[in-house]
Structure formats: structure tokens, C-alpha cells
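For the sequence shown, position 220 (counting from the first letter as 1) is numbered 222 according to the working numbering, and the numbering increases by one without interruption.
Treat the hints with caution; some may be incorrect.
As the list claims (entries may be wrong) - Within a straight-line C-alpha distance of at most 30 Å, the following computed DSS-like cross-link-like pairs (lysine-lysine) qualify:
1) Lys216 x Lys236
2) Lys216 x Lys247
3) Lys190 x Lys213
4) Lys225 x Lys193
5) Lys216 x Lys133
6) Lys236 x Lys213
7) Lys247 x Lys92
8) Lys133 x Lys190
9) Lys193 x Lys236
10) Lys247 x Lys231
11) Lys143 x Lys193
12) Lys208 x Lys133
13) Lys193 x Lys216
14) Lys193 x Lys213
15) Lys190 x Lys230
16) Lys92 x Lys236
17) Lys157 x Lys92
No wet-lab data here; the hints were simulated from the structure.
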Amino acid sequence: MEHQSSVTYGNDYKNGYKQTDESNTGWGYKFDFIIVHESAHEWFGNSITTKDIADMWVHEAFGAYSESLFLNYHFGRQACSDYVIGTRTKIRNDRPIIGPYNVNTEGSHDMYYKGANMLHTLRQVMNDDEKFRQMIRGLSKTFYQQTVTTEQIEKYMSQAAGRDLNPFFDQYLRDTRIPVLEYSVTGKTLKYRWSNCVDGFDMPIKISVNKTTKWLSPSTVWKEMIVKKASEIKPDVNFYVMTKKL
3 MEHQSSVTYG NDYKNGYKQT DESNTGWGYK FDFIIVHESA HEWFGNSITT
53 KDIADMWVHE AFGAYSESLF LNYHFGRQAC SDYVIGTRTK IRNDRPIIGP
103 YNVNTEGSHD MYYKGANMLH TLRQVMNDDE KFRQMIRGLS KTFYQQTVTT
153 EQIEKYMSQA AGRDLNPFFD QYLRDTRIPV LEYSVTGKTL KYRWSNCVDG
203 FDMPIKISVN KTTKWLSPST VWKEMIVKKA SEIKPDVNFY VMTKKL
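Throw the hints in and build the complete structure from the sequences for me.
If you want it as C-alpha cells, here you go:
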């Protein structure tokens, strides 16, 4: 574990987590889980520390996503994506990630892998890896050796991303539902919207229409797009959402 002045280790110096792969993809055996995850807490957890453990996602979501970023650096982006997507099987969506404040209570254990998938989804939304990298580094610089609140972190990330992320964070941190992209195709008209989500949820998403990549900007009301007669529509699996064809 990562506690400053009391660092402990217990993974038998073997790859994986207790000799298992958290993602069931094989990529988890490429690194010692404990060393990578707990090292990440020197930045998110020890340098940047939340004032209330209800906001502990700031420690654990970034710690969990560091595992994927480690794979990204050493084995490429596909390894990163496969791993973080593979960890979705561990997400329970039982309680909000942010817990109740001022009562010394954590939120859901989903702060780890749902939190990691939230960050991976945000990376797709930003669609600029260098900008995403600078946002992560900027958090460490801006809040160096500080205790913080979710509000501070969310505000900074919205500024760095260049868009209002309040509905995004409300959806993934304060709600247990997975947003659903509903769509239908009639002739050359593609209709789409977000459902099963918080009010104002408006996350853009990348889709494939007959193997051609397009971006949609859905909201909670129906929108339309003219496409060539579509035989196959696939949302990008890197976004942590569900889809429903009507």
C-alpha cells in the first residue's frame, strides 16, 4: 500500500494482482499490479489528497487508470484500451462513486474501475492525447501537496478539456446508471439520443457507420443525421456506454 512513511508490499514479486489478471485479457500479466497502482498514489493520494474520503475517487480512479497508461506506454494504445475495457466486468454500479460527505464514508468500490473507465471515456471525448496528458500533469502541478475537493478537480478538468463536464461527472460519479445511446435508422436518416442518464447529459461519441468514422453530439432529445443507407452502426467501444437500436 502507498501510505507515506509506511509503504508495504505483498504481491510475491509476480506479475498480475495476486497472480490474476484484473482485465481477463492477458495484459494484466505484463506488469506487477501492486507496484504500478500503488506508485500512482504518490501523485493521486499522497501529493493530491481529498479532504473527505467521500471523494476518494480522485485517488483510486487515477490510480486504476495508471495501470492502463503503463500498458499504453510500453505496449501501445490498443493494450491500454483492451485492459481498461476488460475491467468493466468488475463494475457493479451498486452505489454512486462519491459517498455521503462529512460522515467518514467512502463511495462505491466502483471508484477503481468505473472511475478508470470514466477517465478513459473522457480521453476519447477530448480526442487529443497530448491535451489529455497535459491535463493529468496539470492536476499534479496545480494541486501539488494539497488537500482538495471534487469540486476543485472537476472545475480544473472542465477548464483543461475546454467543455462543461458537470453533466459528465454527475453521470459517472453521482449516478449508478450507464448512459444508453438509443438510435434508429430509417432510409438515410439516423435518429439518436441519450437515455438512462442525468438531465443535461450531452457527451459526444464516436461511431462507425458502414466502417466510416463519424462523431455524434447526442443530448437527451432526439437529433437526426443524414447518412448513406446504413447497414452497420457501431459505437466506439472505448466509451463506457450502452447502446440500443430501436
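Assess, step by step, whether the Cα of lysine 157 is no farther than 30 Å from the Cα of lysine 92, and give holds or violated.
holds (28 Å)
Is lysine 92 close enough to lysine 236, meaning Cα to Cα at most 30 Å?
holds (24 Å)
Hinted pair, alpha-carbon criterion (30 Å max): lysine 133, lysine 190. Please report holds or violated.
violated (35 Å)
Regarding the pair lysine 216 and lysine 133, is the alpha-carbon distance no greater than 30 Å?
Status holds; Cα separation ~21 Å.
Sort out whether lysine 213 lies within 30 Å of lysine 236, counting only the CA atoms.
Holds: lysine 236 and lysine 213 sit about 8 Å apart, inside 30 Å.
For a C-alpha distance cap of 30 Å, please report whether lysine 225 and lysine 193 respect it.
holds (6 Å)
Holds or violated: lysine 193 and lysine 213, Cα atoms, limit 30 Å.
This hinted pair holds, its Cα atoms lying about 18 Å apart.
Taken at face value, is the distance from the CA of lysine 230 to the CA of lysine 190 at most 30 Å?
holds (6 Å)
For lysine 216 and lysine 247, compute the direct alpha-carbon distance and say whether it is at most 30 Å.
holds (17 Å)
Given the proposed pairing of lysine 190 with lysine 213, does the C-alpha separation stay at or below 30 Å?
holds (16 Å)
Check whether the Cα positions of lysine 208 and lysine 133 lie no farther apart than 30 Å.
The hint holds at about 18 Å.
Hey, lysine 193 versus lysine 216, does the alpha-carbon distance stay inside 30 Å?
Measuring from Cα to Cα gives roughly 14 Å; hence the hint holds.
The structure does not agree with the numbered hints 8, 11 stated previously, though it agrees with the rest.
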